[in-house]
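Enquirer: Kindly generate the complete structure, drawing on both the sequences and the hints.
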Amino acid sequence: YDHDVIIFSPQGRIHQIEYAMEAIDSHIGVSIAGLTADGQVLSRFARDECFNHRWAYDSALTVSRLVDNLASKLQVPTQVYGKRPFGVGLLIAGFDIGIGPRVFYQCPSANYYDCKSIAIGARSQSARTYLEGKLDEIAATKTPEELIKHGLIALRNTLPNEMELSVKNCSVALVGSDIDFTVYEDSAVEPYLALIREEPSAGAADDGQPSTQSTSGDGAAGPGSSGAAEGEVRMEEA
Amino acid sequence: FSSAMSASFYTKPANNGNAGVAMETSWDSNPGRQRTLQPITTGASVLAIKYNAGVIMVADTLGSYGSLAKFRSIPRVLRVNDATVAAASGDLADMQFLNTVVENHAIDEEIHEHGIAYSPASLHSWLTRVMYNRRSRINPLWNTYIVAGTEAGQPFLGYVNMLGVAFKEDCLATGFGSHLCLGLLREALDAAGGYAGLTEETATSALEACLRVLYYRDCRAYNQYQLANVPVAKPAQVSGPHFLQSDWSVAKLVKHYTE
Numbered sequence: 001y002d003h004d005v006i007i008f009s010p011q012g013r014i015h016q017i018e019y020a021m022e023a024i025d026s027h028i029g030v031s032i033a034g035l036t037a038d039g040q041v042l043s044r045f046a047r048d049e050c051f052n053h054r055w056a057y058d059s060a061l062t063v064s065r066l067v068d069n070l071a072s073k074l075q076v077p078t079q080v081y082g083k084r085p086f087g088v089g090l091l092i093a094g095f096d097i098g099i100g101p102r103v104f105y106q107c108p109s110a111n112y113y114d115c116k117s118i119a120i121g122a123r124s125q126s127a128r129t130y131l132e133g134k135l136d137e138i139a140a141t142k143t144p145e146e147l148i149k150h151g152l153i154a155l156r157n158t159l160p161n162e163m164e165l166s167v168k169n170c171s172v173a174l175v176g177s178d179i180d181f182t183v184y185e186d187s188a189v190e191p192y193l194a195l196i197r198e199e200p201s202a203g204a205a206d207d208g209q210p211s212t213q214s215t216s217g218d219g220a221a222g223p224g225s226s227g228a229a230e231g232e233v234r235m236e237e238a
Numbered sequence: 001f002s003s004a005m006s007a008s009f010y011t012k013p014a015n016n017g018n019a020g021v022a023m024e025t026s027w028d029s030n031p032g033r034q035r036t037l038q039p040i041t042t043g044a045s046v047l048a049i050k051y052n053a054g055v056i057m058v059a060d061t062l063g064s065y066g067s068l069a070k071f072r073s074i075p076r077v078l079r080v081n082d083a084t085v086a087a088a089s090g091d092l093a094d095m096q097f098l099n100t101v102v103e104n105h106a107i108d109e110e111i112h113e114h115g116i117a118y119s120p121a122s123l124h125s126w127l128t129r130v131m132y133n134r135r136s137r138i139n140p141l142w143n144t145y146i147v148a149g150t151e152a153g154q155p156f157l158g159y160v161n162m163l164g165v166a167f168k169e170d171c172l173a174t175g176f177g178s179h180l181c182l183g184l185l186r187e188a189l190d191a192a193g194g195y196a197g198l199t200e201e202t203a204t205s206a207l208e209a210c211l212r213v214l215y216y217r218d219c220r221a222y223n224q225y226q227l228a229n230v231p232v233a234k235p236a237q238v239s240g241p242h243f244l245q246s247d248w249s250v251a252k253l254v255k256h257y258t259e
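Protein chains in written order, with the working numbering: chain H, 1 to 238; chain L, 1 to 259.
One thing to keep in mind: the hints can contain errors.
[To be verified] Each pair of labels, with its calculated beta carbon distance range:
| no. | chain 1 | residue 1 | chain 2 | residue 2 | range |
| --- | --- | --- | --- | --- | --- |
| 1 | L | Ser-73 | H | Val-41 | 34 to 40 Å |
| 2 | H | Asp-114 | L | Ala-117 | 18 to 24 Å |
| 3 | L | Thr-36 | H | Gly-100 | 41 to 47 Å |
| 4 | H | Glu-185 | L | Glu-113 | 32 to 38 Å |
| 5 | L | Phe-167 | H | Ile-99 | 27 to 33 Å |
[Said to hold, decoys possible] Which residues of chain H face chain L? A partial, calculated answer using Cβ under 10 Å:
| no. | residue |
| --- | --- |
| 6 | Trp-55 |
| 7 | Ala-56 |
| 8 | Asp-58 |
| 9 | Thr-62 |
| 10 | Asp-114 |
Bear in mind the hints are in silico, worked out from the structure with no lab data behind them.
Where a beta carbon is used, it is the ideal one built from N, C-alpha and C, also for glycine.
Expert: The structure is reproduced here in structure tokens:
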């Protein structure tokens with residue numbers, strides 16, 4: 001069912017629309033939600049820009065400059081006859097020496113937003129609400145673990161009742177002054193999930209019992225949506 | 001289709017489309033287009049030395065037209081930003097062209113939101129790539145550049161020439177300066193036990209002494225010069241024109257100088 005983007009699977013999913021999180025350079029990474037083929041083009045372009053800059057200027061391309069260049073590329077097919085916009089939303093996170101951590105949200109419209117924290121995808125509003133309420137706390141975090149806890153709690157808030165965060169449907173990435181962009185997947189996520197098990201789910205209408213269903217991938221997500229379980233929540237490294 | 005081009009309120013060769021540094025052109029269909037075969041209006045030596053709290057660079061203000069001292073007030077030292085300066089010897093038209101590009105890059109960096117100012121190491125790296133690229137297309141920018149400044153609290157000094165040869169050192173000189181003066185600058189550094197032991201005053205007087213040597217011995221040198229000082233903790237400053245005192249009284253000892 002993944003031969004064409006117009007084909008639904010029996011579960012009502014479109015396999016070609018997926019999530020990916022990858023490093024662009026040692027100091028920048030992206031999380032891509034949307035058409036994977038379009039995402040690959042943009043990833044390759046972003047890496048190209050970063051590496052060309054390093055080759056010419058012997059220094060890291062600042063996140064804002066990369067996003068600017070990406071946006072200029074995304075804008076072209078929104079104005080040229082016969083082309084279609086890139087079918088991807090991007091969260092771009094990185095760390096610039098002399099500036100600090102940056103998070104950007106890039107839309108297919110070519111608009112982009114400089115964020116303190118952001119969540120995108122289906123049911124991401126509850127994550128955004130949580131993050132907005134916790135902005136001061138987040139800004140005051142002293143360790144990566146505290147920061148990741150906020151991110152995972154925000155992500156957990158987007159889950160439907162029967163679903164639970166697990167190493168199978170969740171990944172975390174970290175970048176900062178003393179850490180290159182690093183992705184934690186599968187068993188590597190477990191220590192971070194353990195951090196939030198004691199924390200109560202805010203706003204969820206369940207009785208606090210963890211779901212016994214384990215889901216792989218995007219179980220509850222409908223076609224064309226970015227399921228929140230795999231939606232990425234990006235935050236500033238405080 | 002031509003894709004949307006970004007508008008520019010200043011000319012950068014790449015935006016211009018036609019005078020681009022990176023442009024390939026067919027020499028057959030473009031007979032008026034030429035490669036650089038020789039420098040025309042030229043600048044002489046550039047000298048520079050690190051000291052304990054920064055770096056100083058000097059260059060005279062002469063534009064020579066062959067052996068004619070034609071333009072006597074040409075600035076060859078460029079202030080790029082608070083932490084970076086650059087100066088060039090060689091063809092002055094090529095220098096002015098490149099300096100415009102560098103200046104526009106610097107403007108770009110400053111106006112870009114959260115832009116970081118060009119560091120001297122980045123400028124040096126970029127310049128090396130440009131010079132080497134032009135050399136490889138057998139159409140060089142006929143210059144030798146020295147880039148000076150401060151990087152992460154340390155003085156920076158780099159050299160790039162028309163072949164794309166680039167290196168960094170504690171003291172640098174171009175042209176005749178590399179023959180007549182580099183030894184003097186190195187002696188000054190050795191006497192101080194390295195640039196960390198060299199004061200600003202000693203560095204300045206060493207450079208001035210070198211300029212004097214050049215004025216005596218290089219026919220294309222001049223006695224009016226600019227000086228750039230980039231201290232590690234303070235903004236770069238380009239001062240000038242300074243005037244060199246020189247003593248030509250030995251001339252009367254030259255046979256046939258007078259009747």
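Enquirer: Does each hint fit the structure? Answer for all of them.
Expert: Okay, the hints, checked on the actual structure:
{"no.": "1", "hint": "Ser-73/L <-> Val-41/H: 34 to 40 Å", "in the structure": "violated, 53 Å"}
{"no.": "2", "hint": "Asp-114/H <-> Ala-117/L: 18 to 24 Å", "in the structure": "holds, 20 Å"}
{"no.": "3", "hint": "Thr-36/L <-> Gly-100/H: 41 to 47 Å", "in the structure": "holds, 44 Å"}
{"no.": "4", "hint": "Glu-185/H <-> Glu-113/L: 32 to 38 Å", "in the structure": "holds, 33 Å"}
{"no.": "5", "hint": "Phe-167/L <-> Ile-99/H: 27 to 33 Å", "in the structure": "holds, 30 Å"}
{"no.": "6", "hint": "Trp-55", "in the structure": "holds, 7 Å"}
{"no.": "7", "hint": "Ala-56", "in the structure": "holds, 5 Å"}
{"no.": "8", "hint": "Asp-58", "in the structure": "holds, 4 Å"}
{"no.": "9", "hint": "Thr-62", "in the structure": "holds, 6 Å"}
{"no.": "10", "hint": "Asp-114", "in the structure": "holds, 8 Å"}
Hint 1 from the earlier list is the only one contradicted by this structure; the remaining hints agree with it.
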